[in-house]
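Order-wise, the sequence lines are chains A and V. If you read the first sequence in the working numbering, its first letter stands for residue 1, the second for the next number, and so on. If you read the second sequence in the working numbering, its first letter stands for residue 1001, the second for the next number, and so on.
These are computed hints drawn from the structure, not numbers from a lab. A few of these clues could be false.
Said to hold, decoys possible - Pairwise CB distance ranges (calculated): (1) A:K173 <-> V:L1205: 34 to 44 Å; (2) V:G1174 <-> A:K173: 23 to 33 Å; (3) V:L1194 <-> A:S161: 15 to 25 Å; (4) V:G1195 <-> A:Y25: 38 to 48 Å; (5) V:K1069 <-> A:N87: 16 to 26 Å; (6) A:A73 <-> V:G1174: 51 to 61 Å; (7) V:S1118 <-> A:I228: 23 to 33 Å; (8) V:G1174 <-> A:T229: 44 to 54 Å; (9) V:R1007 <-> A:K237: 53 to 63 Å.
Said to hold, decoys possible - Just a few of them, taken from the derived set where beta-carbon distance is under 10 Å, the chain V residues facing chain A: (10) I1010; (11) P1025; (12) V1048; (13) Y1075; (14) T1080; (15) Y1104; (16) Y1110; (17) L1124; (18) A1200.
Claimed, not checked - Output of the computed footprint for chain V on chain A, the stretches with three or more beta carbons under 8 Å from beta carbons of chain V: (19) 23–35; (20) 91–103.
Even glycine gets a Cβ: it sits at the ideal position worked out from N, Cα and C.
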Amino acid sequence: MVDTITLIGIYIAVFLTLGLFTILYKENVWFRIAEAIYLGLAVGYGIAFDLKYLRDQWNSPWSKEPMLMVGFALAILVGILWYARFNRSVFYLYRWPLAITVGTGIGMALKTVIFSQFLDQIRPQINLNLWLPNNPWQSLWNILVFLMVPSVLLYFWFTGSGHEWAPMKVVDKFARYTMMLGFGYMFGNAVLGRYSLFIGRAQFLLGITPNPPEAQPAFWVIAAVMLITLIGWDLYKRQKS
Amino acid sequence: MSSLLKRIEIPIFLTIVCCLLQVVPYYFYWKPLDDFATREAQWMNLIVATATFIGLISLVQVHGANVQKRSKGWYFSVVTLVCAVSFAIIGLPLPEYGLGSLSYWYLFLYNNGQVALSQAQFSLLAFFMTSGVYRAFRARNLESGLVLGAGILTVCYNAPAIVATYPFFADIRGLLNDIPNLALNRAVTIGAALGAIILAVRTLLGIERGYLRGGGD
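Put together the whole structure using the sequences plus the hints.
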């Protein structure tokens, strides 16, 4: 047996889960309550998370040396300038922390993107082994990859009249087939990813181990209340109109 | 003085300096400068974390006005505001007062509220994607037929009962993953990287100023 507070927690989790699921019927008050709570909790969570980060940073490196303490205070002072965006007369101050953030972000991206995303993708493409005497199938797959990557790149690079050129029409078609196969694969995986999440939620509602078994009676009670109120409200409105 | 501070050149200058501070020590290594760049990146994270109340202020502006005007559904705005403020207070990093991310009530709200709602929200997408599948997976021409074929084969692979009965689905899925999916992802990654580099260079040169807009001037 679980204690009362834990039981209340389980009922809240079941209520919020089912509340969100009621949107599948139509927009209703249960969904709006769950949605409002979700929004509120998400904002509150963000604040709690950031403040914890600031405190942890202060505790570990920034309070160790006087210079770092000044740096921390300066960061907070510059950070306060974010709130200038709420006042039109000092809005320009909001651009300073934004510029620091964007500049640092771009700098960090420039030193990593070129290697991790650009060169590290081109290198294996160039090193593809197009002829493996003992493995003709793998050779064929490598040749396909060798052709597919530049065709997809060309599909996006040449726009407008570039596509009218006869060889480009063949490249375009090949690129489209490649993309459709890739998108189908990704879409299939995405759908099943969502389904596995839904199965997880369904297992929670039915109290299947390792979820608390108390969730199952909570599910029946709350689902019944929600169904009765939703259908009852609809019937009431229909009778009234 | 105020007109000088308002000049757009100040944030552009800050952007360029911060960007170069990160890039230069990476290509021309000099330890003191590299250490400073690392510290500056951490410093920037502190500045970003300080912006945390912008969300709450915007929320209070929108939902507070709803409550004040008694707009339609204003009571939902009350729920939102109460939840946001109470969760933020409970999550304040003050463990000496029984608050913070390890406190009982924070974990209670996080596990039974935040986690339950997030999982339910994303699992809801299963239903919408199913209806999307119904519309997208139609073999009207060869291209949509390829999407349909690849999608169905992937779905079959991910169903354990089907793979247990017909193991060749695993091989087909492997081919789909290793050939078209790899090629597509590689091409998209290269394209996106080129776009990111061009955008970064434009911002570095002060040509791209879109992020500095707003405020009416």
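Results of checking the hints against the structure:
Between A:K173 and V:L1205 the beta carbon distance is about 38 Å. The supplied range of 34 to 44 Å therefore holds. Taking 23 to 33 Å as the suggested C-beta distance range, the pair V:G1174 and A:K173 conforms, at roughly 25 Å. For V:L1194 paired with A:S161, a C-beta distance near 21 Å keeps the hint of 15 to 25 Å intact. Between V:G1195 and A:Y25 the Cβ separation comes to about 42 Å, which falls inside the hinted range of 38 to 48 Å.
Roughly 23 Å separates the CB atoms of V:K1069 and A:N87, a value that falls within the hinted 16 to 26 Å. As the Cβ distance of A:A73 to V:G1174 is approximately 56 Å, the hint placing it in 51 to 61 Å holds. One distance hint, 23 to 33 Å for the beta-carbon pair V:S1118 and A:I228, holds here, with the actual separation near 28 Å. For V:G1174 paired with A:T229, a C-beta distance near 50 Å keeps the hint of 44 to 54 Å intact.
Restraint check, V:R1007 to A:K237: a C-beta distance of roughly 60 Å satisfies the suggested window 53 to 63 Å. At about 7 Å, the closest approach between the beta carbon of V:I1010 and any beta carbon in chain A falls short of 10 Å, and the interface hint on this residue holds. For V:P1025, the interface hint holds, since its Cβ comes within 10 Å of a Cβ in chain A; the closest pair sits about 9 Å apart. Because the smallest distance between the Cβ of V:V1048 and any Cβ of chain A comes to about 6 Å, under 10 Å, the interface hint for this residue holds.
The restraint placing V:Y1075 at the interface with chain A holds, with a minimum CB-CB distance near 9 Å, inside the 10 Å limit. Nearest Cβ of chain A to the Cβ of V:T1080: about 4 Å, under the 10 Å cut. The hint holds. Of the supplied interface hints, the one on V:Y1104 holds, with its beta-carbon coming within about 9 Å of a beta-carbon of chain A, less than 10 Å. Taking 10 Å as the C-beta cut-off, the interface hint given for V:Y1110 holds, the closest approach to chain A being about 7 Å.
Among the interface hints, the one on V:L1124 holds; its C-beta lies about 6 Å from the nearest C-beta in chain A, closer than the 10 Å criterion. A distance limit of 10 Å between C-beta atoms decides the matter here; for V:A1200 the minimum to chain A is near 5 Å, and the interface restraint holds. Restraint check on the stretch 23–35 of chain A versus chain V: 6 residues with Cβ-Cβ distances below 8 Å, three needed, restraint holds. Under a criterion of three residues with beta carbons nearer than 8 Å to beta carbons of chain V, the stated coverage of the stretch 91–103 of chain A is upheld, 13 such residues being counted.
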